[in-house]
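*Asks:* Going down the list, the protein sequences come from chains B and U.
Be aware that the first sequence starts at 0, since it is given in numbering that gives the first Met the number 0, and climbs by one per residue.
Be aware that the second sequence starts at 0, since it is given in numbering that gives the first Met the number 0, and climbs by one per residue.
What the hints contain is simulated information worked out from the structure, not anything from laboratory work.
A few of these clues could be false.
[As the list claims (entries may be wrong)] Taking lysine-lysine pairs in the PhoX-like style, the calculated list, with each CA pair at most 20 angstroms apart, reads:
1. Lys29(U) to Lys212(U)
2. Lys155(U) to Lys158(B)
3. Lys881(B) to Lys689(B)
4. Lys237(B) to Lys223(B)
5. Lys137(B) to Lys97(U)
6. Lys131(B) to Lys288(U)
7. Lys97(U) to Lys64(U)
8. Lys29(U) to Lys138(B)
9. Lys432(B) to Lys64(U)
10. Lys288(U) to Lys570(B)
11. Lys355(U) to Lys212(U)
12. Lys895(B) to Lys960(B)
13. Lys29(U) to Lys155(U)
14. Lys895(B) to Lys880(B)
15. Lys879(B) to Lys853(B)
16. Lys25(B) to Lys105(B)
17. Lys895(B) to Lys881(B)
18. Lys17(U) to Lys131(B)
19. Lys288(U) to Lys105(B)
Model, not experiment: these values are computed from the prediction.
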Amino acid sequence: MSTPNATTSHLQEGLTVNSSRRLNFKFNGRSYQGVVGDTLASALLANGVIVVGRSFKYRRRRGIVSDGAEEPNAIVQLGSGATTVPNIRATQVMLYEGLEATSVNKGYSLDFDLRAIIRLAGRFMPPGFYYKTFMSPKKLWPFYERLIRLSAGLGEIPKSPDPDLYDSINAHCDILVVGGGIAGLSAALTAGLAGARVIITEQQPLWGGALLGRPETVVGLSSKKWIEQVIDRLKGMKEVKLLPNCCLFGAYDHHFYTACETRYPPGITIPEGEVRERVWKIRARQVIHATGAIERPLLYKNNDLPGIMLAGAVSAYINRWDITLSRHAVVFTNNDSGYRAACDLVRSGASVVVVDPRAASETNRYAKWSDQNRVEILNQSWITEARGTLRVRSVIVKRSGEGNQQFEFTCDLLAVSGGWNPVLHLYAYSGGKPLFDEQRGCFVPNAKIEGQQQIGAANGSFSLAACLNEGVEAGIHALFECGYSASVPETTEIESVEEQPILPFWRLAESGGEQFIDLQNDTKVADIELAVAEGYRSIEHIKRYTLLGFGTDQGKMGNIVGMAVAAGLLKQTIPETGTTTFRPPYTPVTFGAIAGRHVGPLFDTVRKTAFHSWHCSHGAEFEDVGQWRRPWYYPREGETMQQAVNRECLTARNQVAMIDASTLGKIDIQGPDAVTFLDRIYTNGWGNLKPGRCRYGLMLGEDGMVMDDGVTTCLGPNHYLMTTTTGGAARVLGWMERWLQTEWPELKVYFTSVTDHWATISVSGPFARKTFEQVCEQVDLSSASFPFLSFREGVVAGVPTRIFRISFSGELGFEINVNANAAQGVWDAIWEAGQEYGITAYGTETMHVLRAEKGFIIVGQDTDGSVTPIDLGMNWIVSKKKDFIGRRSLARADTKREDRKQLVGLLTSDPARVLPEGAQLVANPDEPLPATMIGHVTSSYWSENIGRSIALALVRGGHQKEGQRIYVRNRDGETIAVNISSSVFFDPEGERQNV
Amino acid sequence: MQRFSALRLLGHGLTGHKHWRQSWRHPEPKREYDVVIVGGGGHGLATAYYLAREHGMTNIAVVEKGWIGGGNTGRNTTIVRSNYLWDEAAHLYEKSLKLWEGLSHELNFNVMFSQRGVMNLAHSLQDVRDAERRANANVLNGIDSEILTPEQIRQKVPLISISPTARYPVLGATFQPRGGVARHDAITWGYARAADALGVDIIQNCEVTGVLKESGHVVGVETTRGVIRARKVGVVAAGHSSVIAQMAGLRLPIESHPLQAFVSEPCKPALDTVVMSNAVHAYISQSDKGEFVVGAGIDGYNGYSQSGGYNVIEGAVAAIVELFPTLSRIRLMRQWGGIVDVAPDACPIIGLTPLKGLYINCGWGTGGFKSTPGSGWVLAHTIAHNRPHELNLPFTLERFSSGALIDEHGAAGVAH
Ligand SMILES: Cc1cc2nc3c(=O)[nH]c(=O)nc-3n(C[C@H](O)[C@H](O)[C@H](O)COP(=O)(O)OP(=O)(O)OC[C@H]3O[C@@H](n4cnc5c(N)ncnc54)[C@H](O)[C@@H]3O)c2cc1C
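If we strip away everything but chain U, and leave its shape as in the complex, we get (with noise of 0.2 angstroms):
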């Protein structure tokens, strides 16, 4: 891999980035893998990094059915945090956090990481309950977690109406100073290089069509560039991993929605931090080009199609402008969707399936970019192992059967 440095781009700059290398290799499917990972998303990208990296099994493809990162990865609003309420999801969300603190420097792709602080606000009375429940739990669970009252949230974010005559007046907040967020984008091609530059053929425009089974093992999977063959197979495909687990004969308990977030003009800077409120539902920062970024809530119904309803960004935008009144006048410029797994306790599934050879890693639904490196690192774990990391055992399927739910949004209330 050709190392990326300031150095480097001086040395480039001189003879007029003429002799950049390619950053992964476009190769064409080979007959036969060790392990063929479906969806070349961020989290399929990085289990195939981590596969390489930590258990040293090079002879992988990931196969993307469109462009790598075009799904979830590259259409969301990149919030990362570690605040999770229940124990197993702050232990696996605070993983993940621990390995974005230092990507930058082991992909040699900056992934523009940056802790600039999450906070979520608290409108009612059990808000307040609800966030003091999740900062102590944060706290003990050994994760930076502070309470804000309205007048420290003016301070740290000035734009904020804190009106105690609001309709739903700023209580107070959680806030995690290591949250952020960080470039899509560079988290999907940071890991494809670094892959790719330990021998991981990332395959694009490849699409799944069907799984192979042989006498109940998956030994492969039909694409539309022709049959590929592995002895294990991981599905990382977010909104259509059910679909792809359907190809096996196997249902997932997946509901696929659409998800829809949208960008201002770019302004200059007003807004440092990542505010998040669920009771009026919309979470908002500022990018480094100067747009704000806004989530809206998913659409009620289920599909596949990467738009959602007009309605729920008329919503979204009225919270913002009810928060932040000084947005009112700015304009909204892009809109899109995308297609989020919600599983019934709104937390991932990863694991093993019944089928032997077949893995699976999704039901991340509104919230798994921030999950990217620890989610890749735990499913690359269970794949070499063939049995979970402690870390994961808490979120594999059989939870589903055993009741042993962890309902993060019904306790925290707080997606993404």
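Here chain B stands alone, though its shape is the one from the complex (with noise of 0.2 angstroms):
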């Protein structure tokens, strides 16, 4: 495969549990030890820590409740200064040395929080308390809004810029798998062997997913086995990638996926050179969605206290991480995965209570397990509160039948299990809309996306033997679908079990108090029932109301709960009800990473001319144009910014200067049919362009409004060269193929941009010819054999040149353009040359002083797409004889009005007064507000070669109005007194340029 092959990072290290590492780390300022392989959070339970955390409304104290993505409560700010990263869940971050975290909100400690007393003006804060308070006085609002401030975000953001590099990578595949799980791995195994290009992505730093947390055997070997078996298999194939730590995290159209791979874990200092995380973007022919299952939780009072946990975590923390939580344990669970933990809390030495909803069952194969192991079972049964105060120490259980019987039981753990509900983000992103399953209790892919398939857990099916086939099936189904013909790999049967079926229920009308759903927003039972009172009977505006599912985890865990409730409250079943929506990312992706090296300096590369070190070694100052970075002035020592611009000027007048202008956007056009495609774009006409003969264009948008503007030269029959604005040099290519392929596919013509190939430089001012003269051969130069407006080829300074005659000052001037990799020679000789004469070069500044003086327009400064060519009194080039673009909307009663605003000259009654730019202008300086606004002031500069300032402005029905007084109204009060002039301020007969 092409794409670079992830050097093993630290996370790779020591996957699976090693306690003969140990890891110091700190957690709300105390010192503990993990060991290599913990996560936070499991290193955390190791270490007996059971509240991590408080709520983000009522700051409820919280613990660990699950092992994965859908941790709701163990959120931390994990490392310090520059390189601390907010809102971290514990479950997802490997230990490592040294960590340091601090639980998001702990108030002054996680044993005392003032704002915990919150707690007791609760009842006065349902959801949406805020939308019906805070109203008046209404001058106290601004002071409400700061105390709700006051209680807002989780995390805190990084004092100091960012110091860790991020990157992104483009790969393409056969086939992708998502999820490192049994599914996941079985399918990627049958498309590796059959020789297809594979990337097989895992959230987690180890393969195996679900496998992890239960010692099954699967094909005769250990779980553990199995799954090193499989990942060396894959590893010794070239074709297949392997991505661990690597969470797909988007799905677009067209099989486009993102996945964020973490290298360095969050809150570490990073080697140099290295990077932190890296955003893979993959286009896949096939792709398999492997993602798993995520555990719901039940619904009885005080459900959130310290000490519950899902009982497939509770597996996990047993059976990967070796941790013995409990001694006491109550497994809550209506299905039979819920067993599994209870065998692995009896295995870790604990006396278990398992309560579970459904009827005994004949054959129910934990019957005898429960026997021997001395672990009652009680069937029917629910548990309608949890009881503690800093942790579960009690559960209240109610057996229905006989009398309704009430039971208490001891227990320093609650393990839940409500049922599974398949990951289906992917799935919804793509445009599915899950089905829900009334028999599985859940919500599984319902229509099959093209390209796109489910298996394992992720499609509803929960056995490791429906795992293993689905993913074999897709496998092979996808090789299909690729063309390539599958081999399958053995497999052994895999003993069914028979499984009990689900009894899904989700609230228990009787049990009242506070049952929660969703635990980081605090979103009870009542407030999906005041919601529901109150008349939010959609989905979403319950969940907008209620906030269920806003918080990081996004709803994993409790929304499909919630909506469960909902439909119960609506008296609606749960597919009438539906879903909300699922958005991307899947889990929280760093922002660093998804702008990866677009950043600094490249955050949009900078585009530099053949001349910028000569422009830098000559003191320049740069302004911004567009993308490009243009000599603006050349201060000499001692110089003010007004000084230099003022010498430029007249050294451009009066002797000879240069400008580099290969900025300027240069298009070559070819075929036979340019002069009609030239002729359709611009406004004037070109059939009679005779080749050597260049000529100023403009361009109109449909709406008959100036767009841009530039000089076209033909170079040769059906060969033209167009030059455009700086800023407007793609747009104008993008333009012209627009209506090339879309409007008029017939036209046999052809455009490059050729801007970078070609560098400019003008050489203008009395001397040019003299200037020119020295470094030019095989050209005469003399005006008679190569008039103003025309064009040569020519050597300059032993390099061959494309040389116009043309110039944007009004001066004699030549425009050379020459290959940019030859150019500063050419520069250079002219300078030299030019040195008799004094010559200067200039910046963007001086340029538009010069062209301001003659009344030459600039597009986007003296335009603002609401201008057209009649309103800069440039009839002249808006052809009477052609169609072009924009020309019937010329026509309209609008644009032909006469009092639009037109293009004029502004001059001071104050010479030396220089308007400001922007300035509005006004008829009556004395009209109190709201004002009439009848122009504004586009163009406005220092002229040092007149000996005054001069303005350029649009001015309503300004063409009639020469000479008439208006003033310029400031929005500091000020106004000053302007007269309307003439556009062209400088050799109004335009003599000059033509010497």
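Make one complex out of these two single chains by using the hints.
*Replies:* Laid out in structure tokens, this is it:
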């Protein structure tokens, strides 16, 4: 594969728990020890840390409930200083030496939080309480808002810029497998064996998924061995790419997927040059979602107490991390998977009571086991309440039938399983609409999406056998779709066990109290009841009103439960109620990783001309124009900007001056229909432009408004070179291609951007010819043989060039296009030759002044998308004989009005006063606000050549108002009297450029 | 309508919140109404509310194909400001801003309008010229507007990098102190509740599938819940406006594009102002929950699927990291898109149509949340009087044939 191999990072070492290697870490300021292979969560549990944070709204104490991405409670700030990261789930970060974490919400301490007093006020803060209050007095709202904001947010943003590197990488494959559990591994193995190009991603550092928490036998091997074997085989296949620590987070059109690989854990200082996280942008032909399932909690009073965990997580902490969680445990489960936790708890030495709402079944394969292990199973029973203050101490169990008996069991752990929700996020991102399967009690994929398969737990198939087999089948199907022939990997039948069906139930009418659905946002059953009572019936309204699923886990654990509760209250079925929309990313993604290398100087690559280093060494100050960095002016020792510009302006008019004009867009146009095309895209006609001649052109949008301008030259038969404004180059090329490709595909004409190929030097001024003569061979530069607006090929300083007699300053001028690679020598030669005439280089500021003296517009400065050529007084360039883009629009009533804003000159009464650009113009300076504005100043400069200030402006009906007095009215109240003048201030006849 | 107040809240708290009444009814559609508004977004609901409240018309239905507020109203980044360049736009948006300022009170529903100020950054000399021009025009139009220097920007928003060596250094900004953000759902619910209290029927899960015409007049709509007749029909369907217009045989100069936004995980408050940058293209604020709310630019292609391309998100995130280097390590938590209705001049179309009885209000594109109250107010006036109010007179369909465009996009270059 062409993609680089992720070097083994810190994360991949010591994947399995290695209790001989100890790691020191700190949590909330206290020191602890964990072992290699721990997550922060497992290390905390191993250290007996039960309370890990406080909830967002009521500041209730909370403990770890899960072992994965669904964790709502164990949210920490990792590290400190510039490398700190907020809002990390303790269940998802691997422990490292020196890790420092603090709970994002802990108040003064986890034991004491002033704001926990809010709990007392909690009854007055139902969902949406802020919509109902803080309205009067109106004045106080900003104060209330500040109060609300005080409690906002979880972690803190770093105080200094991110020192780390991120990048992104594009990858293509035949088959993308998402999820490295048994189903995904089995699919990847099948696909890999056939030689297909496979990428398999897994969010955890370890392969195996749910299997990691379950000591099972797969194909005659222990699950650990089986995983190791499959991974070894996959590693040996050169077309297979294994991406552990890589969470697939987004699915887009045409099988485009995004995944984020964590190469160094958050909060750690990483080696110089290494990348902390990398976004994989994967385009696959076939995709297999083997994303597993997430366990659901159950509802009863105080179900948020620390010490209450999902049953699957309990198993994982026991099996994978070897933690003794409990001595007296209660398991509350409505399906068989809870019994696995019970077995694991028994093995780890706990006494166990199982509370199961289902009736006892004859075929219960746990019956014998429970007898042997003295495990009490209470069938047809429900937990109605958990009790305890700092953590769970006991549970109240109600048994239906015979007088509704009630028991209390003391316990130090409550393991809960309400069934499993297939992870259907990717399916939903791709437009899939999950279907509720009554029998399995969960949403499953419904209609197939082309190129996608869901397998294993993600498909609602929870048995090992099904996962393994669906993996093989999906692999074969995907291979077939990609044109490979498959060989089936050897499998032996896994004994499939008879499971007793789940009894999904969502809520017990009789258990009151605080029953939490979304632990992070403190959304309770009562909140949903209130929302429904208040008429919020759509599940989306309920979600928004109660903030269900708005936490950093995005409702992975609680959403489906909340929806089911809402369905019950609305007296609807779950399918009628529907789910809320799943939105990417699956788990949060670092901004820096998404930005990748597009930061700092590479945010948008700076474009520099061939002469850039010359400009630097000659002291240029620069201006950003589009992506380009252009010289703005060249101050000499001790000069202010104004002094430098004055000097440059004088030299340009009286002696000779040169400017780097390379940034102007250049588009090479060729083909038999080139003239036809130009005629349509420009307002003026091009039919009679002979080879060797140049012409200025104006381009309009469909709305008749000026869009771009520039000189186009006929280089030869059917061959033209168009120039555009610097900022407009890409837009104009796109515009031309759009018309050609979508409207006029019959035209034979081809466009090539050549902006970067040719460097452009413009030499102008009375001594331009004398200067240029010295370096230019083979061309007669005399006006007679090389008149204004014509083009010759010639050799300058030994380099073949294109020479144009055009100028943007109104002076005698030559514009030289030269291969960018050979350009500096040409520039130097002209510079040398001009020395005897006192040549200067000038930047954009002087260019602006010179063109304004001549009344030449700058598109985008003197126009703004609302200006027609007529408004600019450029009627001469608008052909009456042919059609062109924008022509029809010019004939519209409003575009023909006489009193449109028109381009004029402005002269201040005080010649020394330079008007502010962007100033608004009024006829009556004393009108009360809102005042009537009749135009604005578009360009304004001190003109050293004329010896006074000049300005260009757009003024309502301006062409008829020459000589009239109007006023600039500034926002600070100042008014300045000005007279409307011609927009040409210098050399009105245009003699100077023709000499 | 059951009034909301702190005292009420206290009372209900003591009785376990068992007695709150439903905020609006869920009626079956009647056979006929005086006015049917198609589209239960903020604009449609506001239109119904002002029709009832200002013009005494109460036999009104708002029909919504999904759940009210589920379109762009519930998907936007909630920036509210009125510092538009052109007089016509400035007056319309300022009317709206004035209504915002009294809205919580008027609706008796706290829409959490937070006037924390909106800043538009300038990154080039032309940006600075445009900023000056806009700030001057705003002030002369009676709208609060200031120009800030980079140092003043840093004081207000310490998070922004004003480094002169940045790729696009911050050269200045315009600032509207009265601008801010509001709670998008609250505006939907607030208007719905208030309109319902005045007798308006809000009918959800009711998709308009056809427009009924009799001798050239529009006389009602066909819906998934049956035919509903009406003397007047107002189409206020944002990205789907042209689809509904098409049902009536009318072609609108509207293109529908995806527009995406996203939020980060919630963090402790660090940004009190709304910051927008057109040059690097992104805009950001921090919600009262602590999430950084970021808006991107529109996706280039036309479409109706409420999701866009990843590249657009990449661009917006890079812009944010460039402007706010300390946000690089926070994480994107949720991303979504809406379908925006873009007119050629990026200004709304509000008024009568060539079909008698049919009124439209669309074209708000990327920036119509802020105008929700004003838009409803002028459309209500237009429907009630059968002619535009002077505030929306410049914004009727006729401008596309007369050429009197109001090119806010081209001129000010500021979307949203
Ligand atoms: C990502 C994003 C960010 C934005 N950011 C901002 C911002 O910061 N500031 C700002 O001012 N604006 C912003 N906007 C724009 C703003 O959201 C919209 O202009 C505004 O909300 C439009 O409101 P509306 O009521 O007209 O449309 P919507 O809220 O979209 O309402 C239209 C309704 O019509 C319904 N409908 C459609 N077809 C039918 C049918 N056939 N039958 C019945 N009903 C139908 C839809 O379901 C929808 O509910 C943003 C938009 C997006 C998408």
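*Asks:* Next, verify each hint and record whether it holds.
*Replies:* Going through the hints against the structure:
1. Lys29(U) to Lys212(U): Holds - the C-alpha atoms of Lys212(U) and Lys29(U) are around 19 angstroms apart, at most 20 angstroms.
2. Lys155(U) to Lys158(B): At roughly 16 angstroms apart (the allowed maximum being 20 angstroms), Lys158(B) and Lys155(U) satisfy the hint.
3. Lys881(B) to Lys689(B): holds, 19 angstroms
4. Lys237(B) to Lys223(B): Between Lys237(B) and Lys223(B) the Cα gap is close to 24 angstroms, so the pair fails against 20 angstroms, i.e. violated.
5. Lys137(B) to Lys97(U): holds, 14 angstroms
6. Lys131(B) to Lys288(U): holds, 18 angstroms
7. Lys97(U) to Lys64(U): At roughly 30 angstroms apart (the allowed maximum being 20 angstroms), Lys64(U) and Lys97(U) break the hint.
8. Lys29(U) to Lys138(B): violated, 42 angstroms
9. Lys432(B) to Lys64(U): Given pair Lys432(B), Lys64(U) holds - Cα atoms ~18 angstroms apart, limit 20 angstroms.
10. Lys288(U) to Lys570(B): This hinted pair is violated, its Cα atoms lying about 32 angstroms apart.
11. Lys355(U) to Lys212(U): Given that 20 angstroms is the threshold and the Cα spacing comes to 9 angstroms, the pair holds.
12. Lys895(B) to Lys960(B): Distance of about 18 angstroms is within 20 angstroms: holds.
13. Lys29(U) to Lys155(U): Not satisfied, since the Cα-Cα distance of roughly 53 angstroms exceeds 20 angstroms.
14. Lys895(B) to Lys880(B): holds, 18 angstroms
15. Lys879(B) to Lys853(B): violated, 26 angstroms
16. Lys25(B) to Lys105(B): holds, 15 angstroms
17. Lys895(B) to Lys881(B): Distance of about 18 angstroms is within 20 angstroms: holds.
18. Lys17(U) to Lys131(B): Holds, at roughly 15 angstroms.
19. Lys288(U) to Lys105(B): holds, 17 angstroms
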